[in-house]
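Visitor: Chain by chain, the residues run as shown.
There are 2 protein chains.
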Amino acid sequence: MRNLLVAQSGGPTAAINATLTGIFQSVRSSGKVDNVYGSKNGILGIIEGQLIELNELVRDTAATETLTLTPSAALGTCRYKMADWSKDEEPYKKIIEVFYKYEIKYFIYIGGNDSMDTVDKLSRYCVLKNYDFIIMGAPKTIDNDLNLTDHSPGYGSAAKYIATTIAELERDISAYNLPAVTIVEIMGRNAGWLTAAAALARINGGPGADLIYLCEKEFDTARFISDIKEKLAVKLGILVAVSEGIKDSTGAYISDRISNGEIDNFGHKYIAGAARSLGQLVKSEIGCKVRFIEFNLMQRSAAHITSETDITESILLGQKALNCAVDGETGRMAAIRRLHDNPYTVELISVPVSEVANQEKVVPLDWITPDGHDVTEELIAYIKPLIQGETNLKYENGIPKQIRLY
Amino acid sequence: MRNLLVAQSGGPTAAINATLTGIFQSVRSSGKVDNVYGSKNGILGIIEGQLIELNELVRDTAATETLTLTPSAALGTCRYKMADWSKDEEPYKKIIEVFYKYEIKYFIYIGGNDSMDTVDKLSRYCVLKNYDFIIMGAPKTIDNDLNLTDHSPGYGSAAKYIATTIAELERDISAYNLPAVTIVEIMGRNAGWLTAAAALARINGGPGADLIYLCEKEFDTARFISDIKEKLAVKLGILVAVSEGIKDSTGAYISDRISNGEIDNFGHKYIAGAARSLGQLVKSEIGCKVRFIEFNLMQRSAAHITSETDITESILLGQKALNCAVDGETGRMAAIRRLHDNPYTVELISVPVSEVANQEKVVPLDWITPDGHDVTEELIAYIKPLIQGETNLKYENGIPKQIRLY
Chain L
415 MRNLLVAQSG GPTAAINATL TGIFQSVRSS GKVDNVYGSK NGILGIIEGQ LIELNELVRD
475 TAATETLTLT PSAALGTCRY KMADWSKDEE PYKKIIEVFY KYEIKYFIYI GGNDSMDTVD
535 KLSRYCVLKN YDFIIMGAPK TIDNDLNLTD HSPGYGSAAK YIATTIAELE RDISAYNLPA
595 VTIVEIMGRN AGWLTAAAAL ARINGGPGAD LIYLCEKEFD TARFISDIKE KLAVKLGILV
655 AVSEGIKDST GAYISDRISN GEIDNFGHKY IAGAARSLGQ LVKSEIGCKV RFIEFNLMQR
715 SAAHITSETD ITESILLGQK ALNCAVDGET GRMAAIRRLH DNPYTVELIS VPVSEVANQE
775 KVVPLDWITP DGHDVTEELI AYIKPLIQGE TNLKYENGIP KQIRLY
Chain H
415 MRNLLVAQSG GPTAAINATL TGIFQSVRSS GKVDNVYGSK NGILGIIEGQ LIELNELVRD
475 TAATETLTLT PSAALGTCRY KMADWSKDEE PYKKIIEVFY KYEIKYFIYI GGNDSMDTVD
535 KLSRYCVLKN YDFIIMGAPK TIDNDLNLTD HSPGYGSAAK YIATTIAELE RDISAYNLPA
595 VTIVEIMGRN AGWLTAAAAL ARINGGPGAD LIYLCEKEFD TARFISDIKE KLAVKLGILV
655 AVSEGIKDST GAYISDRISN GEIDNFGHKY IAGAARSLGQ LVKSEIGCKV RFIEFNLMQR
715 SAAHITSETD ITESILLGQK ALNCAVDGET GRMAAIRRLH DNPYTVELIS VPVSEVANQE
775 KVVPLDWITP DGHDVTEELI AYIKPLIQGE TNLKYENGIP KQIRLY
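Chains as they are written, first to last, in the working numbering: chain L, 415 to 820; chain H, 415 to 820.
Just so you know, the hints here were simulated from the structure itself, not pulled from any lab data. Quick reminder that beta carbons are idealized off the backbone N, C-alpha and C, glycines included. One should not assume that every hint holds.
[What the hints assert, rightly or not] Simulated restraints on C-beta separations: (1) Gln773(H) with Arg473(L): 54 to 64 Å; (2) Ala795(H) with Glu511(L): 50 to 60 Å; (3) Ser500(L) with Lys815(H): 52 to 62 Å; (4) Asp498(H) with Pro784(L): 20 to 30 Å; (5) Lys815(L) with Lys703(H): 45 to 55 Å.
Looking at chain L on its own, in the form it has when it is part of the complex:
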């Protein structure tokens, strides 16, 4: 038997199910797969033997079309780091047992850096133990921090959400004639790719965010206050975008600052976000009206405003992963190589997953302006093609149509 097992892992995105759809499409066209199974909640579901049969879904083209634009991980997700097999072989044995039980030949894991670590470890283990299972990775992360791929599927859609929402917020705050600072916190602990998307409205002549701070650059609060004062001198409504992961010169998160000594009614300390922390600072140092906004889970689940480019590529990466698997590649990840910016052209490749696992691709420092509070034209040119095009989302009773697998 040549059965396929698929699973999803890490933080969900609006495009991760599109990659599942791509895998299903290539299953149909290749004719080289017998049955398709999905694992519930990533690798954990395999270890716990929680597989669901997906043959009917694979054949149902209408359902997979809805799946493509359903946000989050339809098979469920997990955050699970496998120990090295030499330290704890038990999970490996259980996985192999499940592979045999369900006659799995191919396993494709869709996820980010941590998930690629699992692909790496599991494929090495199989080689070492002479199991001929094929273990392939398909990339996914809104953070865009995966190595060896020009960009990561999911990122373009999240960037489109951010670019659009920043443009909308800019209109909102500019309607008032009072000095006010609005600070928006965008996901990214170590990589500022998403925060950089706050500049994109400039492509259309809008201002985008007035000040943009990525987590790659040391954050100086005194400099921040003087940046704000400078902007307020020429404009009333100031829009600031910050990565959640901005850190001071000691490497401490700015978001941790406000928690020092702060205790709620129930006697618990808690951590404010970076935006909230900075908002308190602006209130205290400048005294004008301040708002803090977090894009929170919306930035990764906004399937109603995905990028057509991103969704198309996410599907293609699923197809590529399946095609590589049936061609016998193992321990590799489907990836994107950019050939040209204008016209934007890419090719799909596969790369060794060992060089992706546990790596983080951050924004090059020379794509941040020397003053530290903006991004360069090069960075905008890099992101621009990734947010292009709108998807043909179906609505039902005024709300986007979704599918749930369990």
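Starting from the known structure of chain L, fit chain H onto it as the hints suggest.
Guide: Structure of chain H alone, referenced to chain L:
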């Protein structure tokens, strides 16, 4: 001369510019208006003599089409409460002076309860002083709390954003296999209409929010904790929607609770939101993972996901306001009367603005379930028609096209 002056006021919405477009359309078709002026930042702009000429924009159908789906108040907004003329006649005199200077015959003010108070006061003043200026109101508010109109323009689009985003968040949190509570805070200090939209995903068979608390009903924190525990016993990822204005039995905002004694690094007390306050409570009483999300300004500025029904009605209300004005009506507001739910049909009417000003239409208590943590089928049936249809938004470089007037 029969010149028209338009202005916008109060919290911006994604539909308020559509009403401006409707006014412009009726200016073109009626032939009863000579020049069109806009006031910057609402009534304040008139008092300060800051008018901009809009004739070119009125004639430019392509620009007004873009204006229709540009979020926020294109003419700027203000929060300004006029004193009674007997207490302070100065602003009234300035307004009349500007009316004469620009040969204004008609003034249309687009806004909510406070703005309708301005329309009321100004129209009474004109009648009393024998000025034959026409003062008309056009409604606007995402809060849906305006009296004498079945619903308010802007509400349907905000409700569509909330229904869609709640459906997306539900998919996101359901992907994890850990007990977790996500609390979403939705705008509404006194009226829970927006929060009720968190139930709409159920129309399509989704769960929507698991628990919904409107600000109309007294909020009992002990009951809240037992509601959560009950849900967690049967489901892992719990989604809760609360109005920002939920209050305890003493009438105190839940959002104020956490501020007691809480001081930041800079020595300032601050107020947490309702969701954050409740999140701390859940952490303390239950101890599971908790997230708090605020829809913040996004819920009122998300022009990329407006309701076609809402935008169409917003345009029609602008047309109606202009038509009433040129027909000689003054001191009135354009409004919507619902004739049928199914098929949904409405008629446009005008109502005395004196009965709208300073009133608040809240959710009837019998549209909240007896257990206090959900809404009834009647409430869902009331909102459902208002979120129907998608607008033909134009994108430019992957970001929605917008217009800026100044």
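Visitor: Could you check the structure against the hints above and give me the numbers of any it violates, in ascending order?
Guide: Hints 4 and 5 not satisfied by this model.
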